[in-house]
Each structure stands twice: as structure tokens, then as C-alpha cells.
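Undergrad: Letter by letter, the chains look like this.
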Amino acid sequence: MNLFQRALKNKQLVAGSILGAVVLLLGIFGPFFFGDYAKQDLLMGHKPVGTPGLFFGTDALGRDLAARATFGIRISLIVAVSVTAIAVIMGTLIGLIAGYVKGTLDTVISWVVDFVWGFPLILVAVLAAASIGSGLLPVILAVGMVNTVAIARVVRGEVLGISEREFVVAARAGGYSTPRIVIRHIVPNVIPVALVLSSYYVAVAIIAEASLSFVGLGAQPPLPSLGQMVSDGRNFLRLNHWEATIPGVIIFAMVLSVSLIGDGLRDLLDPRLRTAVERAASK
Amino acid sequence: MIAIVKRVLLTFLLLLLSSLAVFAAIRLSGGDVTAARLPASATAEDRELFREQIGLNKPILTQYVDYLGDVVRGDLGNSLTNNAKISSLAAEKIRNSLILGAAAIVLVFGIGIPLGMMAAFRRNSWLDTSISSASVAGMAIPNFWLALLVVWLFSSTLGWFPSAGQGGIKYLVLPSIVLAAEGIALTVRITRSAMLENLSQDFVRTLRASGLSESRIYFKHVLRSSLLPIISLAGLRVGQIVGYALVVETIFGWPGVGQILVNGVLRRDYPIVQFFSLLLVVVVTLGNLAASIGYTFANPRLRK
Amino acid sequence: MTNESSLLEIKDLSVGLRASNIAYDIVRNVSLTVNRNEILAVVGESGCGKSLTALSVLQLQASPPLFITSGSIMYGGRDLATLSKKEMRIIRGTEIAMIFQDPMSALDPMFTVGTLLTSAVHSHQSVGKDVAEKMALEALADAGIEDPKRRFDEFPFQLSGGVSQRVIIALALVNNPKLVIADEPTTALDVTVQAQILDRLKELKKDRGMSILLITHNLGVVASVADRMAVMYTGEVVETGAVSDVFDKPQHPYTTGLLGAVPRLGGAVSDLTPIIGRVPQPDELPVGCTFVDRCSRAVAQCSSIRPTLQVRGRAEVRCHNPVD
Chain Z
2 MNLFQRALKN
12 KQLVAGSILG
22 AVVLLLGIFG
32 PFFFGDYAKQ
42 DLLMGHKPVG
52 TPGLFFGTDA
62 LGRDLAARAT
72 FGIRISLIVA
82 VSVTAIAVIM
92 GTLIGLIAGY
102 VKGTLDTVIS
112 WVVDFVWGFP
122 LILVAVLAAA
132 SIGSGLLPVI
142 LAVGMVNTVA
152 IARVVRGEVL
162 GISEREFVVA
172 ARAGGYSTPR
182 IVIRHIVPNV
192 IPVALVLSSY
202 YVAVAIIAEA
212 SLSFVGLGAQ
222 PPLPSLGQMV
232 SDGRNFLRLN
242 HWEATIPGVI
252 IFAMVLSVSL
262 IGDGLRDLLD
272 PRLRTAVERA
282 ASK
Chain F
3 MIAIVKRVLL
13 TFLLLLLSSL
23 AVFAAIRLSG
33 GDVTAARLPA
43 SATAEDRELF
53 REQIGLNKPI
63 LTQYVDYLGD
73 VVRGDLGNSL
83 TNNAKISSLA
93 AEKIRNSLIL
103 GAAAIVLVFG
113 IGIPLGMMAA
123 FRRNSWLDTS
133 ISSASVAGMA
143 IPNFWLALLV
153 VWLFSSTLGW
163 FPSAGQGGIK
173 YLVLPSIVLA
183 AEGIALTVRI
193 TRSAMLENLS
203 QDFVRTLRAS
213 GLSESRIYFK
223 HVLRSSLLPI
233 ISLAGLRVGQ
243 IVGYALVVET
253 IFGWPGVGQI
263 LVNGVLRRDY
273 PIVQFFSLLL
283 VVVVTLGNLA
293 ASIGYTFANP
303 RLRK
Chain B
14 MTNESSLLEI
24 KDLSVGLRAS
34 NIAYDIVRNV
44 SLTVNRNEIL
54 AVVGESGCGK
64 SLTALSVLQL
74 QASPPLFITS
84 GSIMYGGRDL
94 ATLSKKEMRI
104 IRGTEIAMIF
114 QDPMSALDPM
124 FTVGTLLTSA
134 VHSHQSVGKD
144 VAEKMALEAL
154 ADAGIEDPKR
164 RFDEFPFQLS
174 GGVSQRVIIA
184 LALVNNPKLV
194 IADEPTTALD
204 VTVQAQILDR
214 LKELKKDRGM
224 SILLITHNLG
234 VVASVADRMA
244 VMYTGEVVET
254 GAVSDVFDKP
264 QHPYTTGLLG
274 AVPRLGGAVS
284 DLTPIIGRVP
294 QPDELPVGCT
304 FVDRCSRAVA
314 QCSSIRPTLQ
324 VRGRAEVRCH
334 NPVD
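Chains as they are written, first to last, in the numbering used here: chain Z, 2 to 284; chain F, 3 to 306; chain B, 14 to 337.
In short, the hints are calculated from the structure, not lab data. Treat the numbers as computed from the prediction; the structure is a model and nothing was measured. For every residue, glycine included, the Cβ atom is placed at its ideal position computed from N, Cα and C. Heads up, a few of these hints could be off.
[Unchecked claim] Derived contacts from chain F toward chain Z, CB cut-off under 10 Å, selection only:
#: 1; residue: L16
#: 2; residue: S31
#: 3; residue: A142
#: 4; residue: V153
#: 5; residue: Y246
#: 6; residue: L248
#: 7; residue: L263
#: 8; residue: G266
#: 9; residue: L268
#: 10; residue: V275
#: 11; residue: S294
#: 12; residue: I295
#: 13; residue: G296
[Claimed, not checked] The list that follows gives simulated cross-link-like pairs (lysine to aspartate or glutamate, EDC-like), each with its CA atoms no further than 16 Å apart:
#: 14; chain 1: B; residue 1: K98; chain 2: F; residue 2: E216
#: 15; chain 1: B; residue 1: K191; chain 2: B; residue 2: D155
#: 16; chain 1: B; residue 1: K218; chain 2: B; residue 2: D203
#: 17; chain 1: B; residue 1: K219; chain 2: B; residue 2: D155
#: 18; chain 1: B; residue 1: K262; chain 2: B; residue 2: D337
#: 19; chain 1: B; residue 1: K99; chain 2: F; residue 2: E216
#: 20; chain 1: F; residue 1: K8; chain 2: Z; residue 2: D42
#: 21; chain 1: F; residue 1: K60; chain 2: F; residue 2: E50
With the hints as extra help, turn the sequences into a complete structure.
TA: What follows is the structure, encoded as C-alpha cells:
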């Protein structure tokens, strides 16, 4: 069975991908379909799901929930993916350097990495918001920094393990230059781990952004962040719970699909990765 | 032993550096303190003079040291919102957060470990599948949403528990459950996988061949080895709980450190933000340190 | 073979794999007898079922998916294969003990050697801590460990391969069993340590009147330690007999092949004769004798009729056309 066939057999991967695809499609095409997320119509407020002409109903100000929610998906995804992409690239780079070069540089990097790694993401984000003000930027910075560190940590561990293996020692004995060894031999072995880890961190980033927006520190109005929508809807639970439920369910679906994909990927690529990922996942 | 001492010293060094960084970031972005303290008619020179007198023009390192000195002496500054002395609020807020945090930790390990063990013991049974799926879901639910769900279910609909405020065990139930949720799910997963992995180890076969009973093998030997990853988790749990508490306390109106910090950031109340963020940085760092020391003692390989 | 001096009688034992769409036997109609005060070696290549046979005696096989599908394991008048888990637990360690192949991973790394030993004692008797400790130290000494007191407080990761294996032997001895099953006890060890462990096993047999069921693929080990031997191939016993007899005059063509493939001191290297062909998989066994495709003495019936185990004097052979 080649990789693709095994992938199809993996229930988690399939379920996660389907769910993720649905959400992704909603996020990409929704805003075009549902129109302006900022348009208010105070007479049409608090309409529930099932009102003719409206997909998800409206919120307190009469804004179309479907338009807002699908745009919110975009925000979450953009934040999560861009942060994770940066974190993966920078984290892998740092981890590679620390793990391969070793010595004092590695020691210093490890100290800092271990220290930052222990910090809860939300706290870092709140501190960032305290320093530079609320908005999406502190969220991106905080999430980016913590994820970079986490990935660097795991990558470094993997690199340390791999660089002791015979084929790398053999390459060095053969006189291959350092960059060549790194790129051709070490990186391909490190990529699966980084991939699985990053799926986990996309999930974490989504939750962090939503939590911060919920509390008021993330995306500012009128940007429709899903977390903030839940916060707005919270006051009207009796009146029209859909205002909070819809964005909540969407966040849950996003995180669940990403987690399932991550778990599935991990099982697929190598059961051995489980320990590395679990160590890192205990954050 | 030496390794531990080295580690402690190192941690304190980094703690100092990071608290300086946090302090600097907040102090430097502090906005115009003068706007809060001086009347609007004050001139630019007055403001400059004021800043000079307060000490805002000194090098940041000096300000940091001064601040630490103040803290040690018990002068934590005043809140910009109501000019209350932070030192008088601090104790109460800290106490409230400790109560909530302790309750959550008890739940995380008190529920997480037994459930994980049960799932491992009855692997692939319906019990295992439901526990495992619940824990996957538990980790995916953002805790603010869970909070709303829980409030809607237990408070609005069933009326069993109050949804906000303080004043007795009843008020503690919902917030601590929400705070503990993700930790429980993670603990279940790690316990289960650690136990399963250890159950298939060679040493279990040796123990069985010696005639040890299954329950002894399970509870004394397999569990002991499985606790290692859980212990290394434990300290990180402190950090995680601190993080989630920021949101949970806000939602449930629990008057703790998290709530006051978040409100402080929203209102730009810098003295409050300064003190409580530093406090949390210290708490998280110490928690992590305790965990790694605990792990070192628990693992015989590292003890010697 | 005789019943008065026999300690363990495995009769017609079959152990197989039973899972959703899989059902075949790995151990097939194995009959073995271990007598009192005797070392019986069971030899064969990897996969011939010798380890599984040994594990089944104490019901230590991974069940599911491995199950005893027929036969009996008689010990002290009872059929071990029918005992409940609780009854089995009482026998393990006190009557029959087992030592395993890889000593480095066979000891719980979180506990000291002493705790593991006293645990084994307390699982069967309620004695005081000092008594248990004394028993543990004696067992360590019997297993050939110098300075048992020091080892008592050490953790498994501090022990070398040889010492670990001795600790495992001590674990097996501490409750004074009558029979020890040793599954490839020396395979993972250095050659010099191997010799020491084997000598120790021989001495234990002598001093304690213990019997040993020794599983191995190494004929050298058999020659140096065992009294009687049984050769297994594709899950069946194909020959049994006294070690000296079998080595001198093997009766089954497979045994001949095995012995021919072992280098002897003084012999030229060109004298080695491998057995042609390969071992058939357990799920694709031929109908008649399983050795037929590799046998130089095959006759007509070999392809269609499975030979039965015949008694020939003090030996047994499963062959239609045995040597001599």
C-alpha cells in the first residue's frame, strides 16, 4: 500500500479533511456569496436560523451572520496559517542550527527556547496586547513566537538524533559540505515531524485568536472575528442563541478538523513520531 | 544534584531577563501617564517635569530596579482606574485565583488519570472509544465556548449552579470544570497512551512470570512508569491553567488575577498590568521549574 | 516418556493464531516431557514455535490473538492449560519459573532490584520484610552475583547485560520452583558471559535438583548444558533423544542437516553443508511432511501423509524414512 492508499484508510485523516474542506470552502466562497459583513439593518436584528432569505440569521445590529461568520473563518485561517507558516520556517531554521552546529550557540538557544516554551500562549498574547495595543498584530506576534519556539525545540531534538546516525557521519566522512548534508539528509527526516507539529499549532493558534477576540483583545470591530461574535452573542443567549452558537460551532469544527488531520498525519507518517509530538503537545 | 542547582540558577537568570523585558515593554508603551494624573490644562513643560519627577526619564534598567525595590517594600502602585492601592487588592485576587487554580488541578489529575487508566485497561471497548473521542473533542473545544455551553446547560436551563460571581462552593463548580477541561482531556490521552505502551513492554512479562497479580502489575508497576510523562506535564499544566484562567475568570466574573489583568489591559491601567503580569510570569516560571525538578526526582535514571 | 520421573508432560499441544480472518496453528501437536533433575533443550530455527511452546506452559502467550487450541500440559497431576488466571498465578514463580531472552528490557526500570525480588516473594507468601530480603539476597547469590547487597539497591539501568540476566535468574529462583523455563537466556549476551550463565544453570540443576526447559537455536549451548534434546521444525517436534545420542547419530534428516551446518573444531570450512530450500510459512504448510521439499531421503508417502512421532528406544522421530 503506498502512502496515498494508507492515507485514505486512515479514518481520522479522512474525517478531518472532509470537515476541514467544508469549513475552508465556506471561508473562501462564503463572503462572496453572502455579501457585506458590516451592513447593518437595525430592524432586522436577532433573526434566527431558518428565517427565509437568511442562512444563519442576523445579529443584534441586523448584520448577516452568515456573511460575518464566513469572513470570520477567513480571519482565523489567515492568522493561524500565516503564523504557523512563519513559525515552521523560523522554528525549523533555529532548530536546525542549534541541533547541527551545537556548542555554545546551541546551549544559549536551548535555554531561551526552554524558557519561552513553558509559557501559556494566552498570557504571552495578553502581554503583547498590553505592550502594543489590541488588535490582530499582538495575536500574530505572540502566537508566532511561541510556536516558533516549540517547533525549534522539537526540530532540534530530531536533528540531534539524526546527526548521530551513520548515514550522516558517513556523509561528513565523505567530505560533503555542511549545507549539503543538512539539506539533502537532515531536512527530509525532519519534515514529517515539523508537519505534524504544525497541524497541532494551527489548532492552538485558532483557539488563541478566538479566545483573545472573545475577551476583547484581538481583532477589533468591525472585523468579524469568530471569537468576538461569540462574545457579542453571549448577551442574547435567551433571545437568539444562534448568534453565539454558530460562530462557536465553526471554531470547534475548525479546530477539530485540524486536530484530526494532525493525528491522522502522525499515525500515517510514523508511529515513532508519537513521542516527539506528545512531548511537544503537552503545552 | 549539581545539575538541579545549575538549572535553578539559570531559571532565575532568565526570569530576571524576561521580567525586565515585560516591564520595559509595558512601561515604555505606558502611554501618557500624565494625562491621567495632571489636569488637561497642564503645559508640555509641566508634563515633562512631572515625568522627570516620577522617574520616567531614567534608563529603563534603573526604573526596573526601582520598581522591584518598591515591590519588595510592599508599594505596588495605584490603579489608574480608581486610584486604589494595588497592594490591598493583590492579596484577595491572588487568593481567589489560587482557589480556582487548585480546584482545576485537582480535577485535571483526579479525573484525567483514572479515566486514562480505564481507557487503557479496556482498550478498544466502547468505554475506551467514548473516553478517547471525548478527549479529542475536549481538546478541540475553545474554553470560552465550553464556558457558555456549560452556563447555558447547568445554569440557565437546569439552574443547578450560578453563572457568575463568588461566595461558596456552588460558585466554584462551573468555572473550575471549564478551566480543567482541556487539561483533563490531555491527561486522559497521555495516561492512556503511556499505559498502553508500558503494558506491552518486556518487563511486564517478567512480572507476570514471577506470579504477580494483574492488579499489582497494573497499579504498582505499569502506572509508575506511566506517571513519568504525566509529571513532566504537571508543571506545564500550571502555565496552561494560568493562561486559560485569564479567559475563564473573565467569563465567570471570578475576581482573581486573570480577570483583573484582562480588565487592566482593556482599560490601559498600566500599574495593574505591570504588577499582575510580572506576577504571572513568575508563577509560570516557578511552576515549570518545579515540574522539571519533580521529573528529575521521579525518574531513577536521572536521580543519581 | 516415563511417568514417575516426569515433571512436566506436554501432550499433543497445539497453539495457534485466531483473529478476524486468520486461523492457523503455529505449534502443532507438540509432545515433550521434562523429567526431574534434567535439562531438556528444545532446538530449532527462528519461527519453529519453540518459544511459543515455552510461553504457553505458563500461559504467557499474547492471548488474543494466540490461543491454546488443543492438547494438555500436565504438571503435578493438573492440566495447566485448563487453569484459571488465578490458579495460574499461584504456579508462576513457585512451581514453574521463566527467564527470557533480552535482559536489558526485562526489568521494570522504576524499581530497584531488591524491590522487584521482594515483590515476587510477597506475591506468594506473607512473610516479614527481613525474611523477604534475606530470600532475595540468597537468590542473587545463587544466581552467581557477587556482592548481592550492592545490587539489591541498584536500578536496572545500572546493570550490565550479564548482571541483568543473573537478576532475572534470581527472580526465577527466589520462590524455589521445581522447573525453570529458559527462553534463549544467553542469546543477547557476550560469548564469555554466555558460558558463565550456562555453567551457573548447570550448577543450579545440580544443587537444587531443579529441571530446566531450555529453548535455544544454538547447538553449542545444547551440547554444553543439556541432558536431553528435542528438535522442532515448523511447529512440530521432529526428533527427541539424549543429547549425546542425537549428536552422534541423528535420525531425522533435518537434524542431520542442522548438525552438518555447524562448524566443528578441526573440520575444514568446506565441510559445512547448508540445508537447501527455505522454511515454509505457517499458513502455507504442505500436506504431508513439511520437510519434504528439502529432504534428501524423501519417499513416496512423504508428500501426502504427515508422519507421526514414533518411539525408537529412548528416542522419538517423526519421519517416514529416518536415518539408519
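Undergrad: Work down the list of hints and note, for each, if the structure agrees.
TA: These are the hints, each one checked on the structure:
1. L16: With a closest approach of 4 Å, the L16 of chain F hint holds.
2. S31: 5 Å, holds
3. A142: Holds, about 4 Å.
4. V153: For V153 of chain F, the interface hint holds, since the closest Cβ of chain Z sits about 8 Å away, which is under 10 Å.
5. Y246: 7 Å, holds
6. L248: 6 Å, holds
7. L263: 7 Å, holds
8. G266: 8 Å, holds
9. L268: Hint holds; L268 of chain F Cβ to chain Z Cβ min 6 Å, cut 10 Å.
10. V275: Given a least distance of 5 Å, the restraint on V275 of chain F holds.
11. S294: Since the shortest Cβ distance to chain Z is 9 Å, the answer is holds.
12. I295: 13 Å, violated
13. G296: 14 Å, violated
14. B:K98 to F:E216: 9 Å, holds
15. B:K191 to B:D155: OK: K191 of chain B and D155 of chain B at ~15 Å, within 16 Å.
16. B:K218 to B:D203: Roughly 23 Å between the alpha carbons, so the hint for K218 of chain B and D203 of chain B is violated.
17. B:K219 to B:D155: Satisfied, since the Cα-Cα distance of roughly 12 Å is no more than 16 Å.
18. B:K262 to B:D337: Holds: K262 of chain B and D337 of chain B sit about 9 Å apart, inside 16 Å.
19. B:K99 to F:E216: 9 Å, holds
20. F:K8 to Z:D42: 64 Å, violated
21. F:K60 to F:E50: It holds: about 13 Å lies between the C-alpha atoms, which stays within 16 Å.
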